[in-house]
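Those sequence lines, one after another, are chains A, B, C, D, E and F.
Residue 1 is where the first sequence starts when you use the numbering used here, and the numbers rise one by one after that.
Residue 1001 is where the second sequence starts when you use the numbering used here, and the numbers rise one by one after that.
Residue 2001 is where the third sequence starts when you use the numbering used here, and the numbers rise one by one after that.
Residue 3001 is where the fourth sequence starts when you use the numbering used here, and the numbers rise one by one after that.
Residue 4001 is where the fifth sequence starts when you use the numbering used here, and the numbers rise one by one after that.
Residue 5001 is where the sixth sequence starts when you use the numbering used here, and the numbers rise one by one after that.
Hints may be right or wrong, so weigh each one.
Claimed, not checked - Taking CB as the label site, the calculated pair distances span:
1. C/A2164 to E/R4075: 28 to 38 Å
2. E/R4025 to B/R1221: 53 to 63 Å
3. B/W1156 to D/R3025: 19 to 29 Å
4. C/E2002 to A/A5: 50 to 60 Å
5. D/R3024 to B/D1006: 22 to 32 Å
6. F/F5077 to C/W2156: 43 to 53 Å
7. C/T2195 to E/S4029: 26 to 36 Å
8. B/L1004 to C/S2155: 37 to 47 Å
As the list claims (entries may be wrong) - Partner residues are not named here, just some residues of chain F that face chain C (Cβ under 10 Å, in silico):
9. E5012
10. V5022
11. L5035
12. E5037
13. E5039
14. S5041
15. E5063
16. F5076
17. W5080
18. D5095
19. K5096
Derived from the structure by calculation, the hints contain no laboratory data.
Computed from a predicted structure; not experimentally measured.
A virtual CB, placed ideally from N, CA and C, is assigned to each residue, including glycine.
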Amino acid sequence: MEALADNLLSPVVLCFALGIAARLLRSDLSIPEPVYQGLSIYLLLAIGLKGGSALAVASPAEVALPAAMTLLAGVLTPVSAFYIMRRFGRLDATDSAAVAAHYGSVSVVTFLAAGEAVRRAGHAGEDFLPALVAVLEVPGIIVALLFAGSQASGSWKRALHEVATGKSIVLLAGGLLIGMVAGPGRLEGVQPFFTSAFQGALCLFMIELGLATGRRLRDLRHTGARLVVLGCLLPLFHGALGVVMGTLAGLSTGGAAVFGAMVGSASYIAAPAAVRVALPKANPACYLTLALGVTFPFNLAIGVPLFLKLASLLQNS
Amino acid sequence: MEALADNLLSPVVLCFALGIAARLLRSDLSIPEPVYQGLSIYLLLAIGLKGGSALAVASPAEVALPAAMTLLAGVLTPVSAFYIMRRFGRLDATDSAAVAAHYGSVSVVTFLAAGEAVRRAGHAGEDFLPALVAVLEVPGIIVALLFAGSQASGSWKRALHEVATGKSIVLLAGGLLIGMVAGPGRLEGVQPFFTSAFQGALCLFMIELGLATGRRLRDLRHTGARLVVLGCLLPLFHGALGVVMGTLAGLSTGGAAVFGAMVGSASYIAAPAAVRVALPKANPACYLTLALGVTFPFNLAIGVPLFLKLASLLQNS
Amino acid sequence: MEALADNLLSPVVLCFALGIAARLLRSDLSIPEPVYQGLSIYLLLAIGLKGGSALAVASPAEVALPAAMTLLAGVLTPVSAFYIMRRFGRLDATDSAAVAAHYGSVSVVTFLAAGEAVRRAGHAGEDFLPALVAVLEVPGIIVALLFAGSQASGSWKRALHEVATGKSIVLLAGGLLIGMVAGPGRLEGVQPFFTSAFQGALCLFMIELGLATGRRLRDLRHTGARLVVLGCLLPLFHGALGVVMGTLAGLSTGGAAVFGAMVGSASYIAAPAAVRVALPKANPACYLTLALGVTFPFNLAIGVPLFLKLASLLQNS
Amino acid sequence: MTTLQKLTMVGERLLRDQLLDVLRRHGVSGWTITLAEGEGSRGVRASEWAGRNVQIDTLVSRETADAILEEVSERFFEDWALIAYTVEARVLRGDKYLS
Amino acid sequence: MTTLQKLTMVGERLLRDQLLDVLRRHGVSGWTITLAEGEGSRGVRASEWAGRNVQIDTLVSRETADAILEEVSERFFEDWALIAYTVEARVLRGDKYLS
Amino acid sequence: MTTLQKLTMVGERLLRDQLLDVLRRHGVSGWTITLAEGEGSRGVRASEWAGRNVQIDTLVSRETADAILEEVSERFFEDWALIAYTVEARVLRGDKYLS
Ligand SMILES: Nc1ncnc2c1ncn2[C@@H]1O[C@H](COP(=O)(O)O)[C@@H](O)[C@H]1O
Ligand SMILES: Nc1ncnc2c1ncn2[C@@H]1O[C@H](COP(=O)(O)O)[C@@H](O)[C@H]1O
Ligand SMILES: Nc1ncnc2c1ncn2[C@@H]1O[C@H](COP(=O)(O)O)[C@@H](O)[C@H]1O
Ligand code: NA
Ligand code: NA
Ligand code: NA
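Bound-form chain A, shown alone:
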């Protein structure tokens, strides 16, 4: 309970709430698009660099199992999301596949918020976790699009190209490579920019995410209660699965909690563009509202502390 409150009072979560509030108040507040994109570039590159420099000093053995678990999660979650949406969400195959692509991938900001919450609670995730984010971003999207199969009126080739060369992957993977090749020593000079300033920059970013979420909240009415409930249950289910998998993979308490948040999160950066291209007939109001309007705030406020609790229980037993 206290962990829940503590999580809600972090500047990152409060800035998200400020964004939502500003939208509900019909304020003209907005982060200019170039600034928002500049912040995204900064955050993705910073994550990549951090993960990469951790990989540079980690032993392959240490990373291999978590990486394998990540791939496994990238295959399991879109499958479960697809069937749950088809069965309980009553969506058609195309829309189910579209939603599955989002839940199969990962929300970078949820990952960051989870890392910060875990740190504030006195735990710490493994340093190489950002590398797993990059690993988790793509496969879920591909698996999910396979479900759409013949429904995919869009171009598969273009969709794959869109995911693989999309700026988020290029920055994350590029950052990882740069971090690995340069190593922690050579990265020291860029630390003040990419590390110290990171959390503050994330706050600004969260304001815009809050504004975008606020815009989506209006769409909730059309989405229907059924989907909103699923948008809360799915991250719980996937997140718990992730915590278990992370624990099995040998991650620390903090690491398993963050891993759970990653697996339980729904992408709204890489997935939407790919889905739009591959499944243009799928309804964006449906998948974006679920990912950004329901699951993201749910994880931010409730999911993350629960995953941490679960990880503690599992690891102390």
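Given chain A, put chains B, C, D, E and F with the ligands in place with the hints provided.
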């Protein structure tokens, strides 16, 4: 005299001068609009957070009197500005009310520059002063618009909405709330971004303010010497009043000086939009030139050191 | 050899490579134009401030000789570039003059990358070197344009105005002045923003430079092998000259190496605009491809370590 | 292809929401907004902070265009920096923009 | 002065490269792109991260305009947020834009 | 409503001030500027740092439009990346833009 020179040599003031010079040289230098707006968002949020985290640890008793004085100043200054403009400035009721709204509100950047000058002089303002900036921003505008009364061809309701949900208020007040709720402890992670980087970011902002002021300087010819003189006397009068009020409210020497600069300053962020909406017939060339072209540089160069001198005199006597 | 590898593994160079790679992969990665311009403004102002604050505490005697050498280099390099391009590059007078203007001026980013490489190698350049960058930026352009003479169908007056009041000069020279006038003490408050964050911000900037270079690489086919070879030899020649001149001027090993990189570099910020205005008939594909597509990456990867090697040899003999 | 009017309004950023309200009230189904800078006879702008000009393009029937122009002219032309004009356009599947 | 059609397409940013490909295949020699925001009947946008709308203007002959409009209509109109229209324009030295 | 010409010029950012000077000299009272990207036959741009293209729209009388086009054609067309065209527009209270 020395304090005056020292103040003029601060990077913040020099960057402002660089902006003016670039404009006069017809350089193509300009801060791109999205960057300028991003900087504004950053500065306002940072001020809010700082004030809020100070409020979180301040005793209500300590803050109550200064806050009351701030409200009082927010009522007195627009009244005095209105009558002075009407009487000595020979402006009509609409234009006088428009100018009064600007002098009744507060210039955030003047506040910041004053804080820095005071700190350089070895003094220190109270940590909760940024909270007073948020308090001072709105009432002066409302009081001033009341004067315009029936002249207000624009929409009162829209103007109020414009002020209350304008991005500057949302960010300042939102930052205050976040700072108060989160408290200094939870804000530690965002300090490198919002505190260490603050003065440097302010320098970039000052360049654009200098460019904007330079543009206004050309309008001075049309404004007339009479108004220019008033644009220097008004901040002196209000500023001195502010120093006295701040001292009565129990502020330290540095705090009273900064308080004087706040009261003596003229808004050019919140007020112009509200005035434009409520009093579309008022002449922007008049109120903007006074606030940004005359009073802002005057305070920056001369007002601030004078207010500090006055505060020292008052408090040492 | 090892120095070469070490140089290639610095984050700054790797980010440049990431930009090139992203372009070759046809990724949609791009730094939004306002962010790119914001970063440029930041970098130029930061360099100016750094150089200026060094000048504030340097003895004039110490700086005089290097400054004179800089001016000399600014006269020699455009002359040599012009004749080499005319003779061996088989360009006409207009195109040769256009290219000469670029090689006569200086690439700020090459200067920065050289400074960092030198520092990593355990050396250090003189603190006042950034001031020399400002000195080197303009004369080469003027000398080169003199060669074009009657060919210049564009306006000389406008070109001069373009160079002298262009934002890069205004920011560099303005920063220098501010730094000198304010001095290291008063600049302390802005250090976290302008100094600590510098290298990281440079990384982001390098990504966009990489993207721009990637775009130019396609033009290499049209440029012809002859020009590409000259684009590598010219910086070697000028750079070696610069190292010798820097050593004669009494610079340290690191300082002479950085000076060499400055002299050997080709401008792609101040020069292109001036050349476009003064010599509209010159072919931008030719001069931009040489400066940005050939010489910049060449210096970044190979030139800088060579100049450092040469400086060490000269100074230890 | 249907022949419609492309109605363009360029004015102070502060007018943005009010102009869009006018469009909505006239049953307009869509519009495109771009940011612009400008100079004109009034040269008025509330502040840098409020942003530069906004340009609103909307494809509508001739009658709707005229009705909007009339309202805009009455409400905003005297006090605000604003320009409005129409151009004839042939629109792909344009009947969906008729309201 | 030559009379040409100014063909304007406004749509989701993700369509950008595909639309330019269409232009290129029809032998178009140039275009101008501006960033725009918009609202329409579909109101679809992949995400903030992909950016807002893109507006593409190109001056072409009437035949080219019609051919492009037809292809665009068939390929993109059903599933994508897109609007396309032409306006008649007198173009300085316009013959160089005839393809 | 007055019928005027909307004159549009799209070109290198470096031309901005010179083009505005031309407008001023022809007595033009206002214009709207938007930032644009573009591709054309010349594909020339001084540098990223100087920025992408600039688009200038101005409503003028037919005679003024023709006079401006002629001057622009003579002075800039050979060496600079620039396109210029006019479109007929019905302008609200358009007489104030006649010069
Ligand atoms: N003749 C014109 N042609 C094109 N745009 C104009 C013209 N006059 C004014 N504008 C635009 O309309 C805005 C308001 O103009 P005004 O109301 O005349 O101050 C200006 O900022 C310009 O963006
Ligand atoms: N009537 C209209 N007038 C001008 N632009 C429009 C109109 N309708 C749609 N648009 C633009 O076209 C885009 C796609 O519209 P739609 O396909 O109707 O969702 C919108 O985002 C607007 O930018
Ligand atoms: N056919 C065209 N249609 C629309 N805009 C064009 C066209 N050709 C060129 N442009 C624009 O005009 C600029 C200069 O073109 P150019 O002089 O042909 O290189 C380009 O960057 C485009 O923005
Ligand atoms: Na997931
Ligand atoms: Na005041
Ligand atoms: Na050089």
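For each hint, the structure was consulted:
no.	hint	in the structure
1	C/A2164 to E/R4075: 28 to 38 Å	violated (51 Å)
2	E/R4025 to B/R1221: 53 to 63 Å	holds (57 Å)
3	B/W1156 to D/R3025: 19 to 29 Å	holds (21 Å)
4	C/E2002 to A/A5: 50 to 60 Å	holds (54 Å)
5	D/R3024 to B/D1006: 22 to 32 Å	violated (56 Å)
6	F/F5077 to C/W2156: 43 to 53 Å	violated (21 Å)
7	C/T2195 to E/S4029: 26 to 36 Å	violated (49 Å)
8	B/L1004 to C/S2155: 37 to 47 Å	holds (43 Å)
9	E5012	holds (8 Å)
10	V5022	violated (14 Å)
11	L5035	holds (8 Å)
12	E5037	holds (9 Å)
13	E5039	violated (12 Å)
14	S5041	violated (13 Å)
15	E5063	violated (28 Å)
16	F5076	holds (9 Å)
17	W5080	holds (6 Å)
18	D5095	violated (36 Å)
19	K5096	violated (32 Å)
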